[in-house]
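Since the structure of chain S is provided, determine the placement of chain P on it from the hints.
Chains S and P supply the protein sequences, listed in that same order.
The numbers in the first sequence follow my numbering, run straight up by one, and end at 593.
The numbers in the second sequence follow my numbering, run straight up by one, and end at 351.
No lab work stands behind these hints: they were computed from the structure.
Accuracy of the hints is not assured; some may be wrong.
Stated by the list, open to error - Pairwise CB distance ranges (calculated):
1. S:T397 <-> P:R287: 21 to 31 Å
2. S:R479 <-> P:A278: 45 to 55 Å
3. P:D244 <-> S:D323: 47 to 57 Å
4. S:R542 <-> P:T293: 52 to 62 Å
5. S:G546 <-> P:R305: 52 to 62 Å
6. S:I577 <-> P:K301: 51 to 61 Å
7. P:R300 <-> S:A396: 49 to 59 Å
8. P:D186 <-> S:K300: 31 to 41 Å
9. S:D590 <-> P:D170: 46 to 56 Å
10. S:Q242 <-> P:K301: 53 to 63 Å
By construction, the Cβ of each residue, glycine as well, lies at the ideal position given by its N, Cα and C atoms.
Read off the chains here:
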Amino acid sequence: MTQYCVKAGYMPLVDAAPLIVAKELGFANEEGLRLDLQPAPSWSTLRDRLLFGQIQAAHMLAPVPIASAIQDNSGLPKLVVLSGLSSNGNVFGVSKKLRTRLRANGLLFDFENAKLAGDALADLHVPLKIGVPFALSMHAELVTFWLTKSGLQQGQDFQIIAVPPPLMAQAMQDGILDAFCVGEPWGSVTVATADAGLMLPSVAIWSNAPEKVLSARDGWVGENPECVKRLMRAVWRAGEWLANPDHLTTTSEVLARSEYLGIPAETIDCALWGRMIINQNNDIRTTPNFLKFNGVDTCFPWKSRASWIAERLANRLNLDPTASIAKSREIYRSDLYRENLGALGADLPLSSSKIEGALDGPVEVSGVSKSLILNQDQFFDGTIYDPGQ
Amino acid sequence: MAKTLTIVIVENDKARAMAIVDGLRETGDHKIHVLAEQSGLARSIAKLSPDVVLIDVANPSRDSIEELALASGPLDRPVAFFVDHSDARMTKTAIEAGVSAYVVDGLQNDRIKPVLDAAIARFQLFQRMRIELETTKRALEERKIIDRAKGMLMKARGLSEDEAYALLRKTAMDQGKRVADIAVALVTAADLLS
Numbered sequence: 205m206t207q208y209c210v211k212a213g214y215m216p217l218v219d220a221a222p223l224i225v226a227k228e229l230g231f232a233n234e235e236g237l238r239l240d241l242q243p244a245p246s247w248s249t250l251r252d253r254l255l256f257g258q259i260q261a262a263h264m265l266a267p268v269p270i271a272s273a274i275q276d277n278s279g280l281p282k283l284v285v286l287s288g289l290s291s292n293g294n295v296f297g298v299s300k301k302l303r304t305r306l307r308a309n310g311l312l313f314d315f316e317n318a319k320l321a322g323d324a325l326a327d328l329h330v331p332l333k334i335g336v337p338f339a340l341s342m343h344a345e346l347v348t349f350w351l352t353k354s355g356l357q358q359g360q361d362f363q364i365i366a367v368p369p370p371l372m373a374q375a376m377q378d379g380i381l382d383a384f385c386v387g388e389p390w391g392s393v394t395v396a397t398a399d400a401g402l403m404l405p406s407v408a409i410w411s412n413a414p415e416k417v418l419s420a421r422d423g424w425v426g427e428n429p430e431c432v433k434r435l436m437r438a439v440w441r442a443g444e445w446l447a448n449p450d451h452l453t454t455t456s457e458v459l460a461r462s463e464y465l466g467i468p469a470e471t472i473d474c475a476l477w478g479r480m481i482i483n484q485n486n487d488i489r490t491t492p493n494f495l496k497f498n499g500v501d502t503c504f505p506w507k508s509r510a511s512w513i514a515e516r517l518a519n520r521l522n523l524d525p526t527a528s529i530a531k532s533r534e535i536y537r538s539d540l541y542r543e544n545l546g547a548l549g550a551d552l553p554l555s556s557s558k559i560e561g562a563l564d565g566p567v568e569v570s571g572v573s574k575s576l577i578l579n580q581d582q583f584f585d586g587t588i589y590d591p592g593q
Numbered sequence: 158m159a160k161t162l163t164i165v166i167v168e169n170d171k172a173r174a175m176a177i178v179d180g181l182r183e184t185g186d187h188k189i190h191v192l193a194e195q196s197g198l199a200r201s202i203a204k205l206s207p208d209v210v211l212i213d214v215a216n217p218s219r220d221s222i223e224e225l226a227l228a229s230g231p232l233d234r235p236v237a238f239f240v241d242h243s244d245a246r247m248t249k250t251a252i253e254a255g256v257s258a259y260v261v262d263g264l265q266n267d268r269i270k271p272v273l274d275a276a277i278a279r280f281q282l283f284q285r286m287r288i289e290l291e292t293t294k295r296a297l298e299e300r301k302i303i304d305r306a307k308g309m310l311m312k313a314r315g316l317s318e319d320e321a322y323a324l325l326r327k328t329a330m331d332q333g334k335r336v337a338d339i340a341v342a343l344v345t346a347a348d349l350l351s
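Looking at chain S on its own, in the form it has when it is part of the complex:
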């Protein structure tokens, strides 16, 4: 059998699991694919390596390919999204000082109720400087969405600042930041080293938020259909494997290795189980769907999710929302998902777009060849996002 080879980049985070598992548990091998995984030092470098062809595919923040599609980057190749790699998985936390004040005001830190948490922050009437890993991230979008809907004004009541996660704890201690939103393991690291307090998991803001995607260069995807297919199949199968709780211990051990995350397996295990230590008193909160790697909600490249992100980015970057939405929908390759994963038994919805935020619990809907289950999908304030067709 011909050996196909893909160089894929990732950031050393817990949600890089689908790519790492695809390689280490042999899914890539079974698909006749040699997966060469390369860690990146930053999201911007990961994106540049992908754009300039040093790697062919990457674990990427969902807004990055969309930003590259809607901005005028003449001369640069286009990035597409082949599938979703994960939903949710980020945490929002505050400095020790803010935690004490919020507690004194009666906030319970239930790690669940985004409405109460947002109101409590609004009641403080202090401008908040909030760190996120990257300006083009779901961290930035979800925090902005949540705080704006809670009555805070961006620029005036809060400010989003990009700080590399390894420097987040220091920035909290130096008083440069009052709060932060990061993925694991960095939330736990910031609790342990800066005595921060975790307020919310991102799943409490949007119960089914897109997070990381599998992205590749448009030209490469067009020229290497067989390679793309094998990559998509291997990664999708890894996601399904990760959905089995019996596999999580193995996953933690594999991710913990020095060539991947190089951190204790216990920390990774907590993130995979959604069991977070929210402060230095070792208060523990368990969150269902804290981080998800499988299912049609997570993995299918929904054009409605591209629209949601594109509309927000367009407003932020002063671009035309209608044109931006149209461009973003083009790069979400639901056609390839249908073509390449249908034969594996992946759930295929009838439409590639849906109303976001409209499901208060799992619902059975008809799909292409069989019916499928859509999981709970709600924004904390009941917002319904209808992207149209």
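Quick look at chain P alone, frame taken from chain S:
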């Protein structure tokens, strides 16, 4: 004459930063600032209103600088940056050499190119030195551990130095491993047993 360029270099290593500064000085009369990695980096850079920012591709702080390249609130952004997409080939060369450059919109290409060329040359020089240093360091460490393993074999099995080395080498070849790997295994096992 064109106005002098203000260049910011983000680099923790002083020697390396100085070498880059020297390289840039040869290309013209620039105003050059060196900043170390820090949590409030984007703000410090914005205050200096540079025309060009140079940073190692491997530096995680790139992600906070990238923020300056996006249009956010007009108040947050005293200066507009963009990665110089006008010449994709130049950007590609720079990134492969390990340097990322943020250049203010509208700056002429003939003014950027010499700066970037000088930076690339220095980055490559340092890259080479870093690799050489790491290789030498590893070779030294490996030699030390092989010597320890030899010593253990000589003592435990009454071998001469040459015989001990021959045994290590044969075992390595039989197992398809490097001599250093076998030596590490032996030393680790001995440490565990003692």
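The hints, checked one at a time:
1. S:T397 <-> P:R287: 21 to 31 Å: At 28 Å between Cβs, range holds.
2. S:R479 <-> P:A278: 45 to 55 Å: The hinted range 45 to 55 Å holds for R479 of chain S and A278 of chain P, with Cβ atoms some 51 Å apart.
3. P:D244 <-> S:D323: 47 to 57 Å: 50 Å, holds
4. S:R542 <-> P:T293: 52 to 62 Å: 54 Å, holds
5. S:G546 <-> P:R305: 52 to 62 Å: 58 Å, holds
6. S:I577 <-> P:K301: 51 to 61 Å: About 60 Å separates the Cβ atoms of I577 of chain S and K301 of chain P, which means 51 to 61 Å holds.
7. P:R300 <-> S:A396: 49 to 59 Å: 39 Å, violated
8. P:D186 <-> S:K300: 31 to 41 Å: At 48 Å between Cβs, range violated.
9. S:D590 <-> P:D170: 46 to 56 Å: At roughly 53 Å between Cβ atoms, D170 of chain P and D590 of chain S fall inside 46 to 56 Å, so the hint holds.
10. S:Q242 <-> P:K301: 53 to 63 Å: 31 Å, violated
This entry does not satisfy hints 7, 8, 10, going by the numbered hints stated previously.
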